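Chemist: Residue numbers (this note's numbering), protein chains in the order written: chain A, 1 to 586; chain B, 1 to 586.
Think of the hints as simulated: they come from the structure by calculation, not from any bench.
Honestly, I wouldn't trust all of these hints.
Same chains, same names: a pair is fine if it fits in one copy or spans any two.
[To be verified] Simulated crosslink set (DSS-like; lysine-lysine; CA at most 27 Å straight-line):
#, residue 1, residue 2
1, Lys-81, Lys-141
2, Lys-141, Lys-189
3, Lys-238, Lys-59
4, Lys-143, Lys-84
Remember, predicted model here, so these are calculated numbers, not experimental data.
2 protein chains.
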Amino acid sequence: MHAISFIQDLAVIMLVAGVVTILFHRFKQPVVLGYIVAGFIIGPHTPPFGLIHDEQTIKTLAELGVIFLMFCLGLEFSLRKLFKVGATAFIAAFMEITLMIWIGYEIGRWFDWNTMDSLFLGAILAISSTTIIVKALNDLKMKNERFAQLIFGVLIVEDILGIGIIALLSSIAVSGSVSPEEVFSTVGKLSLFMIVALVIGILLVPRVLAYVARFESNEMLLITVLGLCFGFCLLVVKLEYSMVLGAFLIGAIMAESRQLLKIERLIEPVRDLFSAIFFVAIGLMLDPVILWEYALPILVITCAVVLGKMLSCGLGAFIAGNDGRTSLRVGMGLSQIGEFSFIIAALGMTLQVTSSFLYPVAVAVSVLTTLMTPYLIRAADPLSLKLAQVMPKRVSRVLGMYGEWLRSIQPQGQGALLAAMIRKILLQVGVNLALVIAIFFAGGYFAPRIAEYLQGWMIKSSWQHGLIWGAALLLSLPFLIAAYRKLKALSMLLAEMGVKPEMAGRHTQRVRRIIAEVIPILSLLVIFLLLSALSASILPTNELLIGIAVVAAGVAAVLWRWFIRVHTRMQVALLETLDNHKEGGH
Amino acid sequence: MHAISFIQDLAVIMLVAGVVTILFHRFKQPVVLGYIVAGFIIGPHTPPFGLIHDEQTIKTLAELGVIFLMFCLGLEFSLRKLFKVGATAFIAAFMEITLMIWIGYEIGRWFDWNTMDSLFLGAILAISSTTIIVKALNDLKMKNERFAQLIFGVLIVEDILGIGIIALLSSIAVSGSVSPEEVFSTVGKLSLFMIVALVIGILLVPRVLAYVARFESNEMLLITVLGLCFGFCLLVVKLEYSMVLGAFLIGAIMAESRQLLKIERLIEPVRDLFSAIFFVAIGLMLDPVILWEYALPILVITCAVVLGKMLSCGLGAFIAGNDGRTSLRVGMGLSQIGEFSFIIAALGMTLQVTSSFLYPVAVAVSVLTTLMTPYLIRAADPLSLKLAQVMPKRVSRVLGMYGEWLRSIQPQGQGALLAAMIRKILLQVGVNLALVIAIFFAGGYFAPRIAEYLQGWMIKSSWQHGLIWGAALLLSLPFLIAAYRKLKALSMLLAEMGVKPEMAGRHTQRVRRIIAEVIPILSLLVIFLLLSALSASILPTNELLIGIAVVAAGVAAVLWRWFIRVHTRMQVALLETLDNHKEGGH
Numbered sequence: 001m002h003a004i005s006f007i008q009d010l011a012v013i014m015l016v017a018g019v020v021t022i023l024f025h026r027f028k029q030p031v032v033l034g035y036i037v038a039g040f041i042i043g044p045h046t047p048p049f050g051l052i053h054d055e056q057t058i059k060t061l062a063e064l065g066v067i068f069l070m071f072c073l074g075l076e077f078s079l080r081k082l083f084k085v086g087a088t089a090f091i092a093a094f095m096e097i098t099l100m101i102w103i104g105y106e107i108g109r110w111f112d113w114n115t116m117d118s119l120f121l122g123a124i125l126a127i128s129s130t131t132i133i134v135k136a137l138n139d140l141k142m143k144n145e146r147f148a149q150l151i152f153g154v155l156i157v158e159d160i161l162g163i164g165i166i167a168l169l170s171s172i173a174v175s176g177s178v179s180p181e182e183v184f185s186t187v188g189k190l191s192l193f194m195i196v197a198l199v200i201g202i203l204l205v206p207r208v209l210a211y212v213a214r215f216e217s218n219e220m221l222l223i224t225v226l227g228l229c230f231g232f233c234l235l236v237v238k239l240e241y242s243m244v245l246g247a248f249l250i251g252a253i254m255a256e257s258r259q260l261l262k263i264e265r266l267i268e269p270v271r272d273l274f275s276a277i278f279f280v281a282i283g284l285m286l287d288p289v290i291l292w293e294y295a296l297p298i299l300v301i302t303c304a305v306v307l308g309k310m311l312s313c314g315l316g317a318f319i320a321g322n323d324g325r326t327s328l329r330v331g332m333g334l335s336q337i338g339e340f341s342f343i344i345a346a347l348g349m350t351l352q353v354t355s356s357f358l359y360p361v362a363v364a365v366s367v368l369t370t371l372m373t374p375y376l377i378r379a380a381d382p383l384s385l386k387l388a389q390v391m392p393k394r395v396s397r398v399l400g401m402y403g404e405w406l407r408s409i410q411p412q413g414q415g416a417l418l419a420a421m422i423r424k425i426l427l428q429v430g431v432n433l434a435l436v437i438a439i440f441f442a443g444g445y446f447a448p449r450i451a452e453y454l455q456g457w458m459i460k461s462s463w464q465h466g467l468i469w470g471a472a473l474l475l476s477l478p479f480l481i482a483a484y485r486k487l488k489a490l491s492m493l494l495a496e497m498g499v500k501p502e503m504a505g506r507h508t509q510r511v512r513r514i515i516a517e518v519i520p521i522l523s524l525l526v527i528f529l530l531l532s533a534l535s536a537s538i539l540p541t542n543e544l545l546i547g548i549a550v551v552a553a554g555v556a557a558v559l560w561r562w563f564i565r566v567h568t569r570m571q572v573a574l575l576e577t578l579d580n581h582k583e584g585g586h
Numbered sequence: 001m002h003a004i005s006f007i008q009d010l011a012v013i014m015l016v017a018g019v020v021t022i023l024f025h026r027f028k029q030p031v032v033l034g035y036i037v038a039g040f041i042i043g044p045h046t047p048p049f050g051l052i053h054d055e056q057t058i059k060t061l062a063e064l065g066v067i068f069l070m071f072c073l074g075l076e077f078s079l080r081k082l083f084k085v086g087a088t089a090f091i092a093a094f095m096e097i098t099l100m101i102w103i104g105y106e107i108g109r110w111f112d113w114n115t116m117d118s119l120f121l122g123a124i125l126a127i128s129s130t131t132i133i134v135k136a137l138n139d140l141k142m143k144n145e146r147f148a149q150l151i152f153g154v155l156i157v158e159d160i161l162g163i164g165i166i167a168l169l170s171s172i173a174v175s176g177s178v179s180p181e182e183v184f185s186t187v188g189k190l191s192l193f194m195i196v197a198l199v200i201g202i203l204l205v206p207r208v209l210a211y212v213a214r215f216e217s218n219e220m221l222l223i224t225v226l227g228l229c230f231g232f233c234l235l236v237v238k239l240e241y242s243m244v245l246g247a248f249l250i251g252a253i254m255a256e257s258r259q260l261l262k263i264e265r266l267i268e269p270v271r272d273l274f275s276a277i278f279f280v281a282i283g284l285m286l287d288p289v290i291l292w293e294y295a296l297p298i299l300v301i302t303c304a305v306v307l308g309k310m311l312s313c314g315l316g317a318f319i320a321g322n323d324g325r326t327s328l329r330v331g332m333g334l335s336q337i338g339e340f341s342f343i344i345a346a347l348g349m350t351l352q353v354t355s356s357f358l359y360p361v362a363v364a365v366s367v368l369t370t371l372m373t374p375y376l377i378r379a380a381d382p383l384s385l386k387l388a389q390v391m392p393k394r395v396s397r398v399l400g401m402y403g404e405w406l407r408s409i410q411p412q413g414q415g416a417l418l419a420a421m422i423r424k425i426l427l428q429v430g431v432n433l434a435l436v437i438a439i440f441f442a443g444g445y446f447a448p449r450i451a452e453y454l455q456g457w458m459i460k461s462s463w464q465h466g467l468i469w470g471a472a473l474l475l476s477l478p479f480l481i482a483a484y485r486k487l488k489a490l491s492m493l494l495a496e497m498g499v500k501p502e503m504a505g506r507h508t509q510r511v512r513r514i515i516a517e518v519i520p521i522l523s524l525l526v527i528f529l530l531l532s533a534l535s536a537s538i539l540p541t542n543e544l545l546i547g548i549a550v551v552a553a554g555v556a557a558v559l560w561r562w563f564i565r566v567h568t569r570m571q572v573a574l575l576e577t578l579d580n581h582k583e584g585g586h
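Chain A extracted, bound-state conformation (with noise of 0.2 Å):
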């Protein structure tokens, strides 16, 4: 039967992954470390040999652990606290994994590693590990200290651009190689995706299940948690994305749900599950010999985790407005890499691009990064003391002034609530234009299948084409007259700001009137012409496309109104999902 050595390799794994992570935890080590090397032990590479038979199902639920990882993480994520955190988490963010990148591949090509290998290297060395992280700050008790909370932050950041990095690798990896243009272009349809299936998702999912949730069944709420899990990851999968993306995204969108507590009961356990089969695959792989042969790697390489990190998170910290000693237990505490390096090594190699020795290696980097975690948490305060009385006088007077001239020339008052107003604007108008191209994309995507049903009553495809791109017109048109509102706000403000009295003396009133008038049209122009560039698949022959300007332009004007209560009822309901969250008590 071969449920029995399923059962057997199950059984295997959860009974030396418990005695060895009780181990671990005695011995105050993180249980993830525990399960790699429960993995070792029962692998194939180590005595007792072969403890596992069916290695393939147990590398699918493997895959299963990641996905459910990657929810949770989605899970704790919340868009609420990302527009919090604030100018030093995306600085120190960036920094660091703009430094890594460059720093994993610059060692990966001294070592004579091809191309991709080494730019995986840099993609694995990029993202520090939230679970060891958040382990290690509870162990020592410093969780509620503020450099924690800046390192919260940054890790916040970090999985949206690690999702970034996984969908640009993904690209590069399939078209195998690395222009300017496909990066712009793979970006912004990711953030175009993320828009989009953020702003549906959150409209929909959480009423799905705030009514599920009425039943008062657990049972019914997992599956449908699941089965929305899934489901959008196996969508995410059709666009060609990774699982990872889909996973994380939805556990964003329903971390944005009523019933977040109750879920992340629910799912703890299966997370647990399969996480722990996961880590455990992760140390099945690990080959002694190749660790010994790549051991030079893995040293220069573990030292550049932890030199690169402190000094690029560091760095960041403190161009950010932090005084030294903060920066430093920021870059020290986020020196490791963890579960996000794993799955970016494991994306490697199921995409067959990079070396077989590329896992283990970063498996063991991780690992000795792990340990020296708390150690380095620990070192920083003595270390910046120490460094404080090395330092010149006048290095460190610089240095301070610095932190004085930040916060000198941050917006107070009066401006920062400006400021705070125009950043407001742009996001709404970037999330309708999103939503707008999202539509025409869509139309592009499907006009194929459409025009197979058009065929019968319309036989010219540039009719056809008509029919599809005012389709897509007419459906935009709400968000479209939306951006025309914002913008219109946004170009008074500025004509208010930008036209004083003393410049344009008795022509103030009507100069901004035309400044306020004129820039939104001109962003419209703007963005129809993008809009063509963007579907151009489906763009109508010129005579049409002024027939369906015309008529858009008719129903803007007579609906204008409707569309506008449509568009407020929808903007509301989101803001409500947003708001209601808080109130929830979380």
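We have chain A; now place chain B onto it with these hints.
Modeler: Positioned in the frame of chain A, the structure of chain B alone reads:
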């Protein structure tokens, strides 16, 4: 990538199951039926075809579902509950199972099915569905009525008997025949195994769990629980019992741990996930063509289940002393088959002894009877009133008199106390003897391997046997001494009761003492003969036996007090675990 088609399967299963179960829930039908229907919809036999790609992996996960279902059944089961359920449950369950196996077998033969199919059909019909009944009584808000409590008692006894049926069927399927000796030896070995597993398990497992629970990590507790569960299942499989039995037993053992509530909370989502897959996998196998072809048997069997269970359980409850109305309600509440039937049907399929139609037929009967369950429970009360009206006065008076007579012969006051004491002593003697027998069995089982080790310095195999047998006897001494002491207490009690001064006159004391001494020694002799027979494979020569007996007697005499102390300590530990739990507020 293999994983994607697997994720797709999971997505389809969860999405369809989610939607269908929500619909079923709205129409107040059990979720389990929703899963089966969902499986039927996405199955290969109904349009749209082929929504499942990787049926093998799904089936493997479905087997995990069975394990988790039985494990949770074990968690809800508890020895204390079993001791409490009283005569009604035992009589009703025993009557139900015997009658239903016979009815099922006869129906099978009547349809000209072969012996094995008929036998499995009987077993499939034997056991009612805990899941369905709990759900229906919950929905009808009748959970706390007296007849519901009786039903739960019957279900607990059924679980134990069902486990026995599974073990019996496995052994019959392998040997291909049913002989009374075989049934006897299978049941004997099974009881022995269960007692020993429960005693050792309850001594060890709760302690392990308490140790792990001190780390306050849900993850580690879950992994430990799963490790113990799968590990024990594996052990049970190695002893050639069914995994189902193992899962149930380890669940029953963990039910005695203080961490029960936490374990249940952790394991529930995992069970829900896998049991959903299990029930969907059942639906996958349904083929409308086969169902249509076997429409007549399905209808006949459905009627047989409803009427047979009504009659057997109702009669059983009545015989045990309940009034007619309660008995009828008990009988009609138990009138369906469910998850146990699927497990037995699956057993027949994996052992390849039953025809392929049996499984779908069982599922169809389960679906029909499940649909009827709530209506039957509701109809029981009106029906009992109607029956009372229709019934001739004489018959109802006779029935009423039976109840009164039954109450009159029940031991009361001192008599009841005495009966309880005797029951308790017999139970203790039984457990001790089971442990002794298990020690000798283990000695026989491991003898060849031990003999290999001994080969070096002890060549004669008779000496080797002598050593092993002697060691087994030595290990058994504490239990033998305990059994002897309990037997002595029992005989004193019996002598006190049986030999009255009116009969024996002035010899009363002497006769009593003789009886009190003779009975335990005679019993010990019988026990030794039994042990010799059971350990025939390692029984040493007669001379050696005498030598061993002398040594053992010497050791027993010298260490008498120490043995008693050791045994008492173990007994206290066992009872503490059983009692501790009660304090735990469950």
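Chemist: Each hint: holds or not?
Modeler: Do the hints match the structure? See the list:
Proximity of Lys-81 to Lys-141 under the C-alpha cut-off of 27 Å is restricted to the intra-copy arrangement: shortest distance 22 Å within a copy versus 44 Å between copies. Taking the closest pair of Cα atoms, Lys-141 and Lys-189 never come within 27 Å of each other, the shortest separation being 41 Å inside a single copy and 54 Å across copies. Taking the closest pair of Cα atoms, Lys-238 and Lys-59 come within 27 Å of each other both inside a single copy (22 Å) and across two copies (25 Å). When the C-alpha separation of Lys-143 and Lys-84 is checked against a cutoff of 27 Å, the pair qualifies only within one copy, where the shortest distance is 18 Å, while the shortest distance between copies is 50 Å.
The structure fails to meet hint 2 from the earlier list, while all remaining hints are met.
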